[in-house]
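There are 2 protein chains.
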Amino acid sequence: MTMKAILFFLAAAAATATAVPNSNFSSSSSSSSFAAALETLQTKIGYKFESVDLLRRAVTHPSYSRDNYRTLSLLGLDAIRSSASLRLLGENLDASAKEMDSRVDSLAGVSACAAAGMSLGLHKLLRVSPKTDPAAPSSLAGAFRALFGAVAVDSGKIDVAGGVFWKLHADQGFAAAVM
Amino acid sequence: MTMKAILFFLAAAAATATAVPNSNFSSSSSSSSFAAALETLQTKIGYKFESVDLLRRAVTHPSYSRDNYRTLSLLGLDAIRSSASLRLLGENLDASAKEMDSRVDSLAGVSACAAAGMSLGLHKLLRVSPKTDPAAPSSLAGAFRALFGAVAVDSGKIDVAGGVFWKLHADQGFAAAVM
Numbered sequence: 001m002t003m004k005a006i007l008f009f010l011a012a013a014a015a016t017a018t019a020v021p022n023s024n025f026s027s028s029s030s031s032s033s034f035a036a037a038l039e040t041l042q043t044k045i046g047y048k049f050e051s052v053d054l055l056r057r058a059v060t061h062p063s064y065s066r067d068n069y070r071t072l073s074l075l076g077l078d079a080i081r082s083s084a085s086l087r088l089l090g091e092n093l094d095a096s097a098k099e100m101d102s103r104v105d106s107l108a109g110v111s112a113c114a115a116a117g118m119s120l121g122l123h124k125l126l127r128v129s130p131k132t133d134p135a136a137p138s139s140l141a142g143a144f145r146a147l148f149g150a151v152a153v154d155s156g157k158i159d160v161a162g163g164v165f166w167k168l169h170a171d172q173g174f175a176a177a178v179m
Numbered sequence: 001m002t003m004k005a006i007l008f009f010l011a012a013a014a015a016t017a018t019a020v021p022n023s024n025f026s027s028s029s030s031s032s033s034f035a036a037a038l039e040t041l042q043t044k045i046g047y048k049f050e051s052v053d054l055l056r057r058a059v060t061h062p063s064y065s066r067d068n069y070r071t072l073s074l075l076g077l078d079a080i081r082s083s084a085s086l087r088l089l090g091e092n093l094d095a096s097a098k099e100m101d102s103r104v105d106s107l108a109g110v111s112a113c114a115a116a117g118m119s120l121g122l123h124k125l126l127r128v129s130p131k132t133d134p135a136a137p138s139s140l141a142g143a144f145r146a147l148f149g150a151v152a153v154d155s156g157k158i159d160v161a162g163g164v165f166w167k168l169h170a171d172q173g174f175a176a177a178v179m
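Protein chains in written order, with full-length UniProt numbering: chain S, 1 to 179; chain F, 1 to 179.
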């Protein structure tokens, strides 16, 4: 499913941004290709941003700019944690704290978020400094979490971010892989 | 403001639950007094529970029952953290991670939550074992956070819990004390 998702993303990226279908959008990429890729990403996550600058920030690593995904990522992590815990307790109020920790980690932990970010093709979008690996787990997880922080700020609601998270997991089959 | 809030709570409790106006609702309290106090608490927080059992669980310490506030408290903490971070970034997208940590701690940390729980009179409601101090910071903070976890599960929405949190802070002046 992961490979399928990557292939799907590449096909979509190739269709809308033929100039750089298979390389990182670094400072040398044209801004129009990057803008097109951001459009594709919005279609993929099923959320249209009021302020695309928030999405742009979500795919900007701290090595690239002072305007980066750091705080959006922290918010996104809390949003994913909240949504995961709420869903678990909604299903089973008698779940233990240990089960809750385990569920939250399986959805919000670095490895789960890095894998989901990879499936979503974020390593191809992430703007990083030349010496930074956009496919490093911490980078991918940061950008993936930041997506939901960006949705929360854009919509003004944590639950909207949670909704995008669950829809994405269902669509991409992340849930099957990590739960 | 804290003393005023406590006095207000005591007056409200005395009016609706004269049997035990000034003592903890332990296992020896009548269940009807406890039920009345839960009604008062709902009025105070401005949220009417669909399932009052969730509120009952939120004011039940782990020393008292296996059906306790533990997991609701974890969810409530994430809900408060999310709401605080969202509000900060909504106001200032350029806030630093350090400012965000500081703001979140001032609202979601143990001391802030214990103080807010005390102002709300939760130590008078909390069901604990005879050897447990309901006014201990960890107990109070746990119950205070669990309130929002309970609201989230009851409503199915993190943002509803966040709304109750901000309304309570504005009404009670907690915000002035901790921010």
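FYI, nobody ran anything at the bench for these hints, they're computed from the structure.
Keep in mind the model is a prediction, meaning the values are calculated, not measured.
Warning: the hint list may mix true and false statements.
Copies of the same chain look alike in the list, so a pair counts if it fits in one copy or across any two.
27 Å max Cα-Cα, derived BS3-like pairs, lysine-lysine [said to hold, decoys possible]:
no.	residue 1	residue 2
1	K157	K131
2	K131	K98
3	K48	K98
4	K98	K44
5	K48	K167
6	K157	K44
7	K48	K157
8	K167	K131
9	K98	K167
10	K167	K157
11	K167	K44
12	K48	K131
Right, here's what the structure says about each hint:
1. K157 x K131: neither (35 Å within a copy, 42 Å between copies)
2. K131 x K98: between (39 Å within a copy, 25 Å between copies)
3. K48 x K98: Neither: 36 Å inside a chain and 30 Å across chains, both beyond 27 Å.
4. K98 x K44: Classified as neither: same-chain Cα gap 33 Å, cross-chain 32 Å, threshold 27 Å.
5. K48 x K167: Within one copy, since 14 Å is at most 27 Å while 30 Å is not.
6. K157 x K44: For K157 and K44, both the intra-copy (20 Å) and inter-copy (24 Å) Cα distances are at most 27 Å.
7. K48 x K157: both (14 Å within a copy, 21 Å between copies)
8. K167 x K131: Neither way: K167 and K131 sit 34 Å apart in one copy and 47 Å across, limit 27 Å.
9. K98 x K167: Within one copy only: 26 Å inside, 31 Å across.
10. K167 x K157: For K167 and K157, both the intra-copy (16 Å) and inter-copy (16 Å) Cα distances are at most 27 Å.
11. K167 x K44: Only inside one copy: K167 and K44 sit 10 Å apart there, 36 Å across copies, limit 27 Å.
12. K48 x K131: neither (32 Å within a copy, 54 Å between copies)
The structure is inconsistent with the numbered hints 1, 3, 4, 8, 12, although it conforms to all the rest.
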